[in-house]
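Visitor: Kindly produce the complete structure, drawing on both the sequences and the hints.
Residue numbers (numbering that gives the first Met the number 0), protein chains in the order written: chain A, 0 to 252; chain B, 0 to 252; chain C, 0 to 252; chain D, 0 to 252; chain E, 0 to 252; chain F, 0 to 252; chain G, 0 to 252; chain H, 0 to 252.
Since no wrong hints were added, every one of them can be taken at face value.
Here are the simulated BS3-like pairs of lysine-lysine, each with C-alpha atoms no more than 27 Å apart in a straight line:
no., chain 1, residue 1, chain 2, residue 2
1, C, Lys93, C, Lys112
2, F, Lys117, H, Lys117
3, H, Lys93, H, Lys112
4, A, Lys117, B, Lys117
5, G, Lys117, E, Lys117
6, C, Lys117, D, Lys117
Below, a sample of chain A positions facing chain F; criterion: calculated Cβ distance under 7 Å:
no., residue
7, Thr127
8, Ser128
9, Ser151
10, Asp152
11, Gly157
12, Arg160
Hints were generated in silico from the structure; no laboratory data involved. From the three backbone atoms N, C-alpha and C, an ideal C-beta is built for every residue, glycine too.
Number of protein chains: 8
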Amino acid sequence: MEKKDILNLLESLQKGETSQQEVAEQLSRPGLDSLGYAVIDTDREGRTGIPEVIYSAGKTPQQVAEIAARMNERGIPVLATRAGPEVYEVLREKIPGAVYHEQAKAIVYQEDKPELTKSYIALVSAGTSDMPVLEEAAITAEFLGNRVERISDVGVAGIHRLFDRIDLIRGASVIIVVAGMEGALASVVGGMVDKPVIGIPCSTGYGANFGGVSALLSMLNSCASGVSVVNIDNGFGAACQAHLINRLVEPSG
Amino acid sequence: MEKKDILNLLESLQKGETSQQEVAEQLSRPGLDSLGYAVIDTDREGRTGIPEVIYSAGKTPQQVAEIAARMNERGIPVLATRAGPEVYEVLREKIPGAVYHEQAKAIVYQEDKPELTKSYIALVSAGTSDMPVLEEAAITAEFLGNRVERISDVGVAGIHRLFDRIDLIRGASVIIVVAGMEGALASVVGGMVDKPVIGIPCSTGYGANFGGVSALLSMLNSCASGVSVVNIDNGFGAACQAHLINRLVEPSG
Amino acid sequence: MEKKDILNLLESLQKGETSQQEVAEQLSRPGLDSLGYAVIDTDREGRTGIPEVIYSAGKTPQQVAEIAARMNERGIPVLATRAGPEVYEVLREKIPGAVYHEQAKAIVYQEDKPELTKSYIALVSAGTSDMPVLEEAAITAEFLGNRVERISDVGVAGIHRLFDRIDLIRGASVIIVVAGMEGALASVVGGMVDKPVIGIPCSTGYGANFGGVSALLSMLNSCASGVSVVNIDNGFGAACQAHLINRLVEPSG
Amino acid sequence: MEKKDILNLLESLQKGETSQQEVAEQLSRPGLDSLGYAVIDTDREGRTGIPEVIYSAGKTPQQVAEIAARMNERGIPVLATRAGPEVYEVLREKIPGAVYHEQAKAIVYQEDKPELTKSYIALVSAGTSDMPVLEEAAITAEFLGNRVERISDVGVAGIHRLFDRIDLIRGASVIIVVAGMEGALASVVGGMVDKPVIGIPCSTGYGANFGGVSALLSMLNSCASGVSVVNIDNGFGAACQAHLINRLVEPSG
Amino acid sequence: MEKKDILNLLESLQKGETSQQEVAEQLSRPGLDSLGYAVIDTDREGRTGIPEVIYSAGKTPQQVAEIAARMNERGIPVLATRAGPEVYEVLREKIPGAVYHEQAKAIVYQEDKPELTKSYIALVSAGTSDMPVLEEAAITAEFLGNRVERISDVGVAGIHRLFDRIDLIRGASVIIVVAGMEGALASVVGGMVDKPVIGIPCSTGYGANFGGVSALLSMLNSCASGVSVVNIDNGFGAACQAHLINRLVEPSG
Amino acid sequence: MEKKDILNLLESLQKGETSQQEVAEQLSRPGLDSLGYAVIDTDREGRTGIPEVIYSAGKTPQQVAEIAARMNERGIPVLATRAGPEVYEVLREKIPGAVYHEQAKAIVYQEDKPELTKSYIALVSAGTSDMPVLEEAAITAEFLGNRVERISDVGVAGIHRLFDRIDLIRGASVIIVVAGMEGALASVVGGMVDKPVIGIPCSTGYGANFGGVSALLSMLNSCASGVSVVNIDNGFGAACQAHLINRLVEPSG
Amino acid sequence: MEKKDILNLLESLQKGETSQQEVAEQLSRPGLDSLGYAVIDTDREGRTGIPEVIYSAGKTPQQVAEIAARMNERGIPVLATRAGPEVYEVLREKIPGAVYHEQAKAIVYQEDKPELTKSYIALVSAGTSDMPVLEEAAITAEFLGNRVERISDVGVAGIHRLFDRIDLIRGASVIIVVAGMEGALASVVGGMVDKPVIGIPCSTGYGANFGGVSALLSMLNSCASGVSVVNIDNGFGAACQAHLINRLVEPSG
Amino acid sequence: MEKKDILNLLESLQKGETSQQEVAEQLSRPGLDSLGYAVIDTDREGRTGIPEVIYSAGKTPQQVAEIAARMNERGIPVLATRAGPEVYEVLREKIPGAVYHEQAKAIVYQEDKPELTKSYIALVSAGTSDMPVLEEAAITAEFLGNRVERISDVGVAGIHRLFDRIDLIRGASVIIVVAGMEGALASVVGGMVDKPVIGIPCSTGYGANFGGVSALLSMLNSCASGVSVVNIDNGFGAACQAHLINRLVEPSG
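Guide: Here's what the structure looks like:
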């Protein structure tokens with residue numbers, strides 16, 4: 000429970016609008032709401048800066064839709080990641096206004112779109128095949144209230160494509176680099192900017208790419224010193240961390 | 000070369016203090032200084048926010064010392080990481096004021112200590128055995144001008160030790176979590192704060208720990224959404240990224 | 000062959016109901032029954048505390064059904080794990096009373112349901128996606144006569160969800176923790192209870208999760224000292240060991 | 000803090016022996032004691048059934064000795080694992096009565112030896128080369144108050160050696176199996192007993208043994224259903240879990 | 000070309016039945032027959048004791064059928080392994096007498112069935128799920144002229160099933176052990192017989208089985224000294240080596 | 000932009016055919032052409048000797064077709080690799096003359112076929128199953144203007160098949176060896192020729208082949224000294240390097 | 000206990016030389032002799048064709064010497080493998096006639112050298128660096144009574160070296176191939192002989208050799224069909240299996 | 000045996016200087032010379048363009064020296080790689096003129112230094128720590144008669160250092176790129192030149208670098224199309240292939 004909610008509660012007690020009994024119950028209740036198979040963490044945003052988000056893989060469309068509906072009832076904005084069209088079919092019966100982002104495989108429902116920050120997150124990708132991951136990151140970052148700039152297909156095989164866009168990249172408060180194959184782009188960008196770089200290794204590639212392991216190791220061993228890494232294809236996680244960083248620049252974001 | 004240096008140069012040209020010839024030469028010279036086996040990247044700080052740092056492993060003590068001396072001559076502050084005492088022995092003959100941090104295996108020489116930021120980086124470790132890595136991160140972060148707070152030995156086997164210190168952790172602008180074995184601490188901290196968390200997996204442990212791989216995978220797969228990761232035992236890299244983040248809060252730092 | 004069966008046999012000999020010849024033959028026959036492609040281990044329960052169970056993967060539905068029918072004829076209760084609906088279709092023609100547990104992918108047939116123990120096995124899972132594995136463990140444990148308590152979706156990203164249920168967990172005689180991703184839940188639970196904890200790493204997750212390897216390594220490297228581990232997604236195996244432990248508390252179970 | 004300690008404290012308050020102030024302070028203090036680089040978890044035994052134990056690897060002998068001394072001052076029995084003779088040299092200056100178990104690489108100091116349980120833990124090893132791990136498990140189990148029975152060098156290459164000792168193994172309340180190479184012993188024992196079996200894969204072997212990975216995988220994939228596994232060479236962890244199981248049989252142990 | 004064929008050729012030259020020209024051509028022709036995309040090694044049997052066999056995976060049904068037809072034309076008996084029913088459909092149009100072994104996924108055509116040896120190869124498998132691999136080995140061994148004995152489902156979880164059949168196993172000239180999961184059966188058999196044991200690790204299993212790697216490592220690290228190993232699921236290769244060994248006992252086989 | 004294009008541009012300026020404005024714009028434009036999701040590297044051939052090629056995996060058929068059409072408009076010859084028939088269906092609507100090479104999974108469109116070199120690249124494969132990879136290399140090499148010679152199915156199990164073709168292999172300027180399973184062919188060829196050998200490990204095989212890792216490691220560890228390696232199944236990459244080598248012999252090629 | 004020993008025992012009973020009591024005791028004693036930490040498997044030769052052999056790694060020199068002495072007392076010939084000179088120093092005090100084979104790191108003591116077989120085992124190695132493994136195999140094979148022929152340094156980089164010795168190889172009853180790096184020699188030999196080939200992958204090499212894994216995978220994936228494999232560097236195991244095969248040819252060996 | 004040697008031999012026969020007997024013997028002798036444990040491949044240079052070279056690891060200094068001496072006697076120039084100073088100590092007693100290259104760990108003896116080619120091999124390294132590998136490549140290339148140009152410490156963290164030297168790199172006939180950590184340099188160089196690039200992944204780095212695996216995977220997955228790879232740290236192998244390529248440009252080299 001957020002401090003301001005507690006203060007409101009106490010105020011309503013002192014005004015006599017709420018009984019002591021009720022206040023005690025609400026205060027002692029941990030911030031969660033159970034559906035049996037799932038327990039919604041209702042104060043996650045207050046605690047971690049990021050609200051509970053539904054990871055759809057491994058859940059039935061019905062389960063995703065029910066969790067989304069319950070969150071919506073409680074006024075929590077809804078983001079469901081890794082959701083195929085079949086999930087969206089079921090979910091939009093419960094939340095008609097929900098929007099499906101096909102490339103990102105993400106479902107979003109926000110009653111009021113947040114005003115975006117002025118400072119922005121740069122999303123840089125090496126090739127066209129990395130776009131689904133870039134989009135998951137972009138949709139997540141916007142959902143959390145951040146302005147984003149997409150800079151696609153600037154991999155190191157034709158490095159002048161990157162130099163052509165470098166000023167836009169340098170102007171960001173934090174940079175996400177999405178790259179498969181050998182993942183060299185993260186190091187090259189990391190060596191050219193003075194902002195934190197978050198690498199997302201992609202499973203793009205084949206053979207000794209091992210489903211993204213090659214890019215993952217590249218980014219972990221980056222010779223550029225300001226680079227950190229998230230899990231393979233984890234656009235969502237990278238966007239969350241970028242959001243927490245961008246908030247430091249523009250706290251109202 | 001930084002913009003302000005260029006402006007100074009042009010000014011001195013217009014004042015007649017420098018000839019056109021000299022200016023042209025200085026401007027066309029890339030920002031580097033060669034020792035044959037090593038090429039110092041003299042404008043790295045301007046470009047990336049972090050000056051060139053000497054990674055001592057795989058270099059002879061003599062090489063480390065020579066590079067350090069050259070950097071010192073050019074007014075670049077010196078940090079040599081992964082440096083054993085035998086490196087320090089040779090280096091301090093060339094730079095008598097250099098200080099050796101034994102646990103961190105780091106050599107530092109700064110003519111003028113930077114004033115530390117008010118905002119701070121929290122350094123949280125799971126166990127006593129993780130201290131060398133925590134210290135490498137701490138020394139690096141301080142070298143770059145950041146205030147740090149160390150919170151040691153608060154691993155999840157006795158999770159109340161963590162809760163006891165949680166306010167200090169929450170107050171930081173960015174948090175570094177150092178953990179070996181199963182590396183669960185990064186997820187637990189990540190689930191309790193609203194600041195970016197950078198995990199450093201440690202090689203502490205044995206058997207199926209595989210030299211830190213267990214903790215690395217744990218952190219990459221963290222169920223907490225604001226966690227990113229650097230290479231195993233890479234205190235230096237984590238501190239660099241934390242510095243770039245902390246700079247966003249307090250740009251003069 | 001169980002001791003009591005032997006005693007019965009000897010009694011019938013002394014009563015003249017069975018010839019010496021027959022008794023000798025029965026006693027010298029190892030406890031097995033062959034179908035050619037499969038050899039049923041008829042005294043496994045007597046020997047190991049757990050009856051022969053049919054692992055359906057890699058067997059044809061016809062084979063599973065035949066083995067089940069033969070076991071049923073000999074009075075051995077039937078549990079078939081990793082069984083898809085197509086296996087159930089064939090099997091229930093031979094054993095009409097068999098019950099299919101869809102989420103657990105398990106088929107059960109017990110003429111007389113065992114009376115459940117009073118002491119119980121706690122089944123704790125990190126997320127909704129881990130439910131199929133939790134259910135395999137739960138169905139197996141109940142099949143073997145144990146009371147179970149399910150505590151779902153209490154992963155460490157919102158650790159207060161776990162604290163909310165900790166008393167129920169502490170009251171168990173043995174605890175099974177099911178977790179994918181980074182598997183940190185096993186360590187956290189292990190640090191809070193004084194009962195044996197058995198971890199089941201789940202294949203839930205993606206990328207550097209490597210099909211459950213991340214959670215497996217986490218649990219093997221647990222910094223909490225009372226944790227052991229079974230194979231990835233092995234709900235059955237964890238339940239068997241938990242049953243053997245719970246039997247120590249309540250031997251009649 | 001244990002319940003009985005709290006009751007004592009309250010009693011002394013009511014008797015007027017302690018002031019309210021002091022009681023409040025003691026009660027609000029979390030169960031920990033800090034040395035700066037290490038935080039002793041003073042109520043771990045109450046919480047988890049196993050007291051804080053010192054893992055010596057990665058700590059200096061001086062650090063191990065200081066932690067041990069502090070624990071001793073607070074009346075906590077001392078067990079330091081993975082301790083070389085050089086650690087013992089330093090430690091026994093602070094705790095003269097401490098005993099060194101060379102093969103187990105363990106240091107023990109208990110003012111009052113606990114009375115051992117009647118029920119026992121069977122420790123079964125495949126070969127002579129597995130003895131250091133078996134001894135770490137044995138010393139730990141005895142330290143925690145359990146009777147143990149050692150059954151060495153009964154690997155499956157000469158399986159009749161195992162059958163010769165099977166009754167002693169079957170009589171245990173829980174069985175630890177220590178095996179390197181292909182680790183088959185755990186499955187074979189698991190198929191012959193009705194008690195929980197905890198496997199310790201050993202790094203004994205060479206080549207495709209990969210430092211114990213071969214035995215680890217064997218045990219995780221055991222076709223016997225009551226087998227769980229701990230980390231490679233982790234005699235300590237296996238003993239802890241066996242202790243928690245044996246306590247269920249004989250709670251006063 | 001075999002020595003005896005050469006001698007025949009030379010004899011026919013001296014008898015004037017063949018011209019010098021023809022003899023020269025036949026002698027200089029390497030033992031191969033090309034289809035463009037495939038080169039049939041026509042004297043492989045003479046050279047290696049095993050005729051050319053068609054590995055169907057990665058070839059189109061049409062290619063398999065053409066190679067088989069060409070071999071048949073040259074009087075080479077046909078064995079096609081890893082062949083699905085769709086391959087058989089195409090092949091039997093060209094060789095109507097070809098027989099399909101469904102479980103083994105093998106197609107066989109031999110104009111004259113070889114007389115089987117008296118000495119035999121024992122084929123021992125751990126579980127019913129290992130049968131396809133056992134059958135590939137059995138069909139191959141019979142194709143090469145060896146008597147085989149199948150001993151199925153005698154895994155170590157119920158080790159008395161193995162003891163029940165041990166005399167039949169001991170009587171073989173060479174033993175093939177097929178086992179998935181932890182593969183312990185190879186070591187146990189290897190410790191009980193004085194004949195060479197060839198292990199076939201199976202991909203049977205799940206999770207940390209890693210598609211047969213667990214059983215592979217087990218068998219490579221066998222503590223029994225007369226065990227060697229072939230590739231995962233490689234029934235064909237094991238049968239070839241067993242055949243070469245059995246030939247030593249009964250050369251006319 | 001290539002030097003000769005620049006000279007042409009300057010000439011047309013001096014002839015008054017182009018304005019200064021236009022020339023400046025063309026010269027300052029980096030060599031790229033953006034479609035939003037893809038940025039075509041228009042001067043890659045001038046810079047690297049190999050034009051931009053479309054890697055179709057991970058792109059939609061629509062995207063591949065659009066990129067191809069744009070390249071075609073700019074006069075760049077089109078090669079799309081890893082393209083299934085569904086890609087070809089869409090692409091040939093835009094470029095009717097495009098040719099589909101089914102086995103190679105490659106689409107080619109060149110308005111003017113290049114005249115092939117006299118010196119040639121030898122393409123040697125171990126087995127029929129390796130043909131798709133060999134064909135990808137062959138089509139690519141021909142697309143780039145090289146004569147190629149295919150030598151199929153000469154693996155080391157019947158090494159005389161290789162010796163039969165060795166003169167054709169030795170006559171090449173560079174040799175590509177395609178092999179799956181144990182990949183021994185690269186070493187054997189490498190030990191018999193005095194030309195550079197490029198190995199392509201194939202995913203052909205099963206079990207401990209690990210999708211081509213076995214052949215990859217073999218080739219990397221080749222005891223023959225003139226062997227280098229490209230990624231698993233990477234016929235395209237091997238052909239590119241072979242082309243760059245063959246160009247050294249016959250620069251006009 | 001061997002059948003002939005049992006018959007002798009019964010004979011001496013009937014002659015009155017031994018009491019019934021003594022006979023019963025001897026017969027009921029399993030074939031083992033315990034030293035506490037080690038249990039000697041005294042009838043292993045009768046059961047498996049290979050006597051108990053001491054694997055010295057992981058044992059103290061004192062332990063090796065004691066086990067050897069006990070075996071010697073019981074008339075069992077002594078072979079200790081993986082024994083450094085420091086083991087030999089201690090052992091020869093107890094068995095003065097013991098011989099040390101330095102390159103093989105093997106200690107041998109046989110009161111009566113066995114007469115060697117006429118049929119022989121061919122030991123083929125790829126390079127000089129593989130000699131220690133070849134020697135371990137050779138010494139073991141001779142210890143077990145087999146004639147051996149060593150063919151060294153005939154790796155595939157200069158394949159004519161192999162052809163020069165092929166007749167000697169073909170004449171053997173079984174062939175052991177020792178190779179590091181890419182291990183191609185096993186496939187090449189396997190394709191040229193009609194005898195069983197046992198591959199020993201060696202740890203010789205560096206980098207992507209991964210301590211012998213490269214050669215191991217090569218041999219497991221051999222395209223030649225009569226090849227099986229033992230553990231990396233396991234000269235002892237290969238010799239044991241070769242011995243069991245050679246015995247089939249010449250049973251009195 | 001080289002063609003010219005054969006011609007000489009035949010000439011001396013016709014001149015009567017050699018008997019038919021002698022000529023026949025010499026011609027029938029394969030090109031090898033045996034020392035028992037080693038077989039020198041005397042015509043390797045004629046066959047493969049690279050003479051036999053001594054790989055010293057795994058050989059005793061005495062063995063290396065004897066092989067070198069024998070080669071020297073036969074007029075073969077001597078290169079011994081991976082040779083520590085202790086090898087050089089022994090070798091130079093036999094070949095006093097031999098030169099030791101400490102950083103490269105290579106011993107060279109050539110009676111007549113070859114005249115170097117005009118075309119050159121560019122050797123590009125990412126950092127100072129990669130120098131030993133670069134030097135092994137350089138010494139080998141020069142030994143084989145190639146001019147080399149060394150370009151050190153131009154890694155992508157400061158990519159302008161590379162651009163500063165790009166013309167020298169582009170002028171080479173073939174380029175070797177040496178890089179550890181993430182190995183991105185190979186891709187970046189590959190995207191900027193039109194000559195074949197051979198990558199040498201280095202073991203430089205730590206943690207998730209896994210002894211060079213990270214750089215190896217990066218280079219294998221390079222998005223630049225003309226890059227091939229040799230084993231980790233294999234300066235020798237890269238130089239051999241570069242030599243074979245450079246010979247195509249300047250055959251007399």
